[in-house]
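**Q** Here is how the chains run, residue by residue.
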Amino acid sequence: MQQTATTFDPIALSILWSRLISIVDEAGTTLQRTSFSTVTRESNDFAVVLMDRKGRSIAQSSVSVPSFLGVLPILTKALLKDYFPLETWKEGDVVMTNDPWLCAGHKPDIGIVSPIFFEEKLIGFIGTIAHSPDMGGQLWGAGTRDVYEEGLMVPPTKLLSEGKPNETLFNILMHNVRAADQTVGDIRAQVAANDQGIKSLLKLMEENNLDDLQELADAVINASEKAMREALLAAPDGSYQYSYDTDGDGLGTGCHFEITITIKGDEIVADYTGTSGAHYMSINAVLNYTFAYTAYPIKCAFSPDVPNNDGSFYPITVTAPEGCLVNAQKPSPLGARNVTGNMLHSVVFGALAKAVPNQVQADCGSACWCIVLNGEHKGKEFVEYFFLNGGYGARPNMDGEHVLSFPTNVANVPIEVLETDVAVMVTEKSLLPNSAGEGEFRGGLGQRFSFKNIGEKPINVSMISEKTQTVAKGILEGGDGQMGSVQILPERKFPPKGLDKLFPGEELILTLPGGAGYGNPADRDKEAIATDRILGYIS
Amino acid sequence: MKLGIDIGGTFTDFVLFDDRSNQLYFAKTLTTYPDPTVGIFNGVKELEEKFGFPVKEMSGIVHGTTLVTNAVIERKGAKTAFITTKGFEDVLEIGREMRYDIYDIFLTMPKPLVPRNLRMGVSERVDIQGNVVTPLDESALQSLTTTLQENGIEAVGICLLNSFANTAHEKTVGEYLSAHAPNMYYSLSSEIMPEIREYERSSATAMNAYVQPITDKYLKDFETQLRVAGFEGNINIMISSGKLTTIDGARKSPIHLLESGPAGGAMAGVFYGKHLQEENLLCFDMGGTTAKACVIYEGEPEITNHFEAGRVKRFKKGSGLPVRIPVIDLIEIGAGGGSIARVNTIGLLTVGPDSASSTPGPACYNLGGEDPTVTDADLVLGYLNADYFLGGEMKLNVAAARTAIETKLAKPLGISIEDAAMGIHKIVNENMANAARVHVLEKGMDPRHFNMIGFGGAGPVHAFGVAKLLNTKRLIIPVGAGVTSALGFLVSPVASEKIHSHISELRALNWEETNAFLRDMENDGYQFLAQSGIQKKDATVQRVVEMRYYGQGHEITIELPEGPLDAETIPEIEKRFIKEYEFRYNRAIEGMQMEMVTWRVVVQGPVPEMEVKQFSTTGSDAQAYKGTRKVFFEETGYLDCPVYDRYALKPDERFDGPAIIEETESTTVIGINSTVQVDKDKNILIDLQY
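Residue numbers (numbering that gives the first Met the number 0), protein chains in the order written: chain A, 0 to 538; chain H, 0 to 689.
If you're looking for bench data, these hints aren't it; they were derived computationally from the structure. Take these hints with a grain of salt, some might be off.
Computed cross-link-like contacts, BS3-like style, restricted to lysine-lysine with a CA-CA straight-line distance of at most 27 Å [stated by the list, open to error]: (1) H:425 / A:225; (2) H:316 / A:198; (3) A:525 / H:75; (4) H:467 / A:202; (5) H:85 / A:198; (6) H:85 / A:451; (7) A:198 / H:472.
Residues of chain A clear of chain H, computed beta-carbon distances all greater than 12 Å [claimed, not checked]: (8) 92; (9) 117; (10) 152; (11) 157; (12) 160; (13) 171; (14) 371; (15) 499; (16) 524.
No residue lacks a Cβ here, since even glycine has one placed at the ideal position from N, Cα and C.
Please model the entire structure based on the sequences and the hints provided.
**A** Have a look at this one:
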């Protein structure tokens with residue numbers, strides 16, 4: 000551990016480290032620009048990670064969403080251990096899998112890993128994960144009953160062997176997914192992004208006379224680890240509990256979360272014992288994914304400035320009983336596991352508020368709502384994803400922002416783009432006054448978004464909403480945010496999660512929850528209240 | 000005689016081209032606040048007194064200013080209201096719902112330029128094809144106008160949903176306002192940015208309205224004062240795309256002035272490139288707080304339509320207000336002379352992006368700054384001359400620079416002051432080279448294939464280091480490196496750019512309709528040029544379309560074939576798209592349909608010829624060689640380095656690096672393993688050996 004300080008001085012390390020990050024960022028930009036998947040390109044739902052030959056991450060693309068934190072290294076370590084031992088890799092090999100338990104928790108997320116050879120020696124790996132347009136099975140959403148309904152699963156398989164494509168695998172893919180050109184196009188884009196990263200890395204090695212990656216890997220990993228450990232050391236030791244309820248199906252079968260966070264010295268353990276069992280809807284999370292969304296708020300609270308790599312996560316342990324909602328086992332359905340992942344920050348910050356109240360934010364109006372529309376428009380089949388966010392939670396020193404994505408980071412689809420792609424007309428998009436939790440600092444407002452089917456055919460809707468029965472919980476005496484709702488006109492029952500149809504002329508009215516407040520509302524600045532009134536944030 | 004005037008934050012720069020003698024003249028005055036025209040006329044007076052050129056003899060003036068940018072950054076625009084389709088008043092505030100920093104839970108998003116209580120909805124709706132679904136409720140316009148007047152509104156942005164497909168409702172609202180509230184400025188989104196994506200269009204429209212009253216007043220004053228002074232020539236204004244517009248054009252769409260200064264710099268790069276017969280150049284411009292890099296490829300800078308103004312975090316993508324106007328594609332990074340160096344939480348040396356600015360400034364300025372900066376490092380290393388900063392106008396304090404570096408960096412890191420200073424110099428160079436490399440790579444090009452041109456106050460100090468990191472073969476430090484933007488103004492063409500959103504698969508295009516709108520856009524352009532006295536026969540037309548594979552979300556720009564388009568031109572368009580796509584992303588996708596999104600027609604006047612015979616400088620017959628001083632280079636440590644006076648350099652003079660060349664606005668630092676050659680115009684050409 001100590002050799003790093005002597006191998007790279009603080010100047011050389013600073014320079015090489017930013018080069019490593021710029022390599023993965025560059026590859027990420029290419030991937031985003033060339034991908035078809037809305038989720039990848041508009042919502043940064045991808046990651047590029049550079050790893051050493053042990054599969055430890057050295058650098059991760061900086062705009063990636065949290066769901067992929069730590070996932071590629073876990074996958075690569077598993078590939079090395081159980082599928083393709085180190086000595087079997089050849090230059091030009093590329094391995095693909097979308098196994099949710101090895102990868103990112105549901106089948107649309109495809110992991111692609113390539114080895115990096117320098118002067119005929121394997122020096123590391125580069126991997127990308129991206130959300131593919133489709134993997135077959137039922138339309139993506141919360142409505143599947145088991146993992147088999149969620150489409151094709153490719154166990155770790157060589158997509159390319161020494162540069163030669165695995166035609167059988169490509170053929171199977173082409174015949175099993177919707178919009179096959181786009182899905183396969185995106186897989187190729189991932190391979191190309193890996194190649195670009197490899198090229199840039201080799202250039203860096205040459206320019207700096209490095210013949211191996213190991214020392215540099217040790218140096219950056221140790222530095223990130225040290226930063227995280229020091230921040231944890233500064234926090235008070237203790238065990239902090241928090242419990243939290245979410246919608247589940249939104250019809251009465253909810254989910255319950257229990258967390259115990261234990262900080263001891265420079266280590267932190269998050270345990271989910273007491274959390275409800277696997278849900279019948281496809282909102283179950285595998286442990287990889289739970290780890291990512293638990294480690295993310297911990298990193299935000301303790302070490303937000305230090306670039307992340309394996310070292311950032313060594314001091315973090317996440318445990319959950321096998322088979323529960325956050326450690327789901329086969330054949331639990333997983334499709335919309337993001338709903339569950341998106342709630343973990345609430346639980347983690349809720350517990351951490353008792354230890355480091357100035358390093359956390361109040362609960363957000365999450366999870367991000369995901370709506371998939373499928374049907375026919377202008378003679379063509381469309382599958383359109385779009386996203387809506389609720390209010391952001393208040394901070395210890397400022398209000399929450401209105402309508403802002405957290406913990407995922409997903410942009411909305413412009414109204415005019417949606418109307419181009421699908422036979423709908425949007426009838427309202429506005430901030431929702433009075434929806435934020437009160438507090439010394441208030442939460443951010445939620446929003447209302449309504450749209451109408453103006454076509455002649457019904458549109459299939461896969462709906463993932465959250466907090467239509469529960470709320471964003473205020474912390475340290477802060478108030479709760481307002482809950483959301485899903486309504487349809489003319490009025491009838493419409494499921495908050497799962498599949499239904501929007502018939503011609505029907506209008507769907509979605510009200511997204513507000514963010515929660517922080518601190519006692521009695522302590523709120525009078526001027527801030529007056530401003531909120533003038534602007535109509537409160538009435 | 001033509002005059003370029005560039006108002007920057009600190010200085011107002013002047014470049015005068017005398018077309019009788021083919022000579023260039025430079026001047027610099029302090030920018031004056033609150034009325035920058037005072038500074039302009041100080042400079043005009045100086046030009047007359049020093050060189051004998053009165054303003055009334057000039058045939059043309061080209062102007063650029065930071066006024067618009069500063070109004071947005073400092074939120075000093077007009078009291079502005081915003082009118083949109085009822086039910087969508089909050090689109091301007093909601094934005095894209097995305098964070099610009101993943102790990103910072105304490106981030107703040109940019110506040111909209113128009114607050115919620117001044118955003119008003121009108122009942123109307125047009126569908127995506129442009130069909131009216133709900134007619135505009137004209138009866139509501141009267142009370143709306145009264146509300147605006149009661150609130151003391153000076154300017155109004157009007158952006159209705161799908162107005163790029165049907166402009167009628169926006170026009171009606173605008174016409175009503177101009178008839179009933181004639182003193183109120185208004186901006187229509189269908190004129191400012193007729194493109195799909197309501198938030199981005201709203202943002203540009205609101206911003207245009209927000210800056211319009213101050214820009215309008217300023218430009219009117221500017222013009223009036225010039226006319227009073229007897230100036231009778233044409234006045235043109237530099238815009239962000241490296242083109243010129245008229246005063247009227249600028250008053251109507253002031254947001255196009257946002258990047259006029261940097262665009263001028265890039266156009267100067269184009270000019271120098273042509274002059275030095277370098278078709279492909281990387282322009283590197285480094286000042287007090289930022290550095291910029293811009294690619295000139297085959298003699299042209301690339302234009303992008305992605306731009307943000309007024310960022311909450313200056314160098315963080317996504318933290319500003321989007322403005323989709325054509326802008327010369329350059330990257331800006333937080334690396335300048337004032338950038339502060341620190342030891343970060345994990346014990347590594349980092350530089351920037353925050354800057355000590357001019358107050359308190361670097362420690363060596365002696366103005367109370369205690370943080371070590373890039374300038375402090377450059378001074379400690381001997382690159383800067385403590386007695387000849389800004390030509391000796393400002394004395395630098397070496398001891399203060401050393402103390403700042405020692406206490407804040409060298410001691411905590413356990414290294415020498417020189418090593419810490421070299422660390423700062425190297426890291427800032429590395430940051431700039433990294434950013435430049437990514438910028439070039441994103442265009443699918445190889446940075447090693449570009450020679451570099453360096454300017455700006457700190458540019459010549461760092462250009463050599465950056466060039467080395469990029470494996471650049473030749474580095475050029477041009478004459479006039481301190482006033483490049485103003486020079487660029489004089490070599491930019493007058494042009495009109497028209498935009499039209501029309502989304503359709505290539506193979507499904509209605510050719511008659513397509514040719515008709517392209518023709519209309521072209522004719523509008525000719526009319527615009529006529530206002531600057533440019534005839535149709537002298538104009539060039541560029542028609543481009545932004546297209547993508549059907550289903551993608553990012554477009555690339557393709558030049559359309561000349562003449563009317565029809566089914567026969569499809570293969571040619573496809574070929575061009577595939578070529579560009581392969582160039583950028585290495586490989587095309589077989590069998591995918593292509594889709595056209597936004598169409599642009601640029602009608603451009605001739606690029607002003609400027610056959611410069613001589614760059615006038617305050618010449619000197621003295622020896623250029625001033626002696627040696629101790630300068631620290633990474634490879635050698637301190638050595639006795641020759642120092643030259645830029646003004647006394649003779650054409651064709653040659654020497655080897657290392658060397659320091661001093662001039663008033665900057666210092667050129669030349670490392671070892673290089674040869675220096677002065678060309679006939681006194682540009683410095685540096686060849687690097689590897």
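**Q** None of the hints should be skipped; say for each whether it holds.
**A** Going down the list of hints, with the structure as the test:
1. H:425 / A:225: holds (25 Å)
2. H:316 / A:198: With Cα atoms ~26 Å apart, residue 316 of chain H and residue 198 of chain A stay inside 27 Å; holds.
3. A:525 / H:75: holds (26 Å)
4. H:467 / A:202: holds (15 Å)
5. H:85 / A:198: violated (52 Å)
6. H:85 / A:451: holds (16 Å)
7. A:198 / H:472: The hint holds at about 22 Å.
8. 92: The assertion about residue 92 of chain A holds, with a minimum of 19 Å to chain H.
9. 117: Correct as stated: the minimum Cβ-Cβ distance to chain H is 19 Å, above 12 Å.
10. 152: Since the minimum Cβ distance to chain H is about 24 Å, residue 152 of chain A lies beyond 12 Å and the statement holds.
11. 157: It holds; residue 157 of chain A is separated from chain H by about 20 Å at its closest Cβ, greater than 12 Å.
12. 160: It holds; residue 160 of chain A is separated from chain H by about 20 Å at its closest Cβ, greater than 12 Å.
13. 171: With a cut-off of 12 Å, residue 171 of chain A remains clear of chain H, as the shortest Cβ separation is near 19 Å.
14. 371: About 15 Å separates residue 371 of chain A from the closest Cβ of chain H, which puts it past 12 Å; holds.
15. 499: holds (24 Å)
16. 524: holds (16 Å)
Hint 5 alone, counting from the list given before, is not met by this structure.
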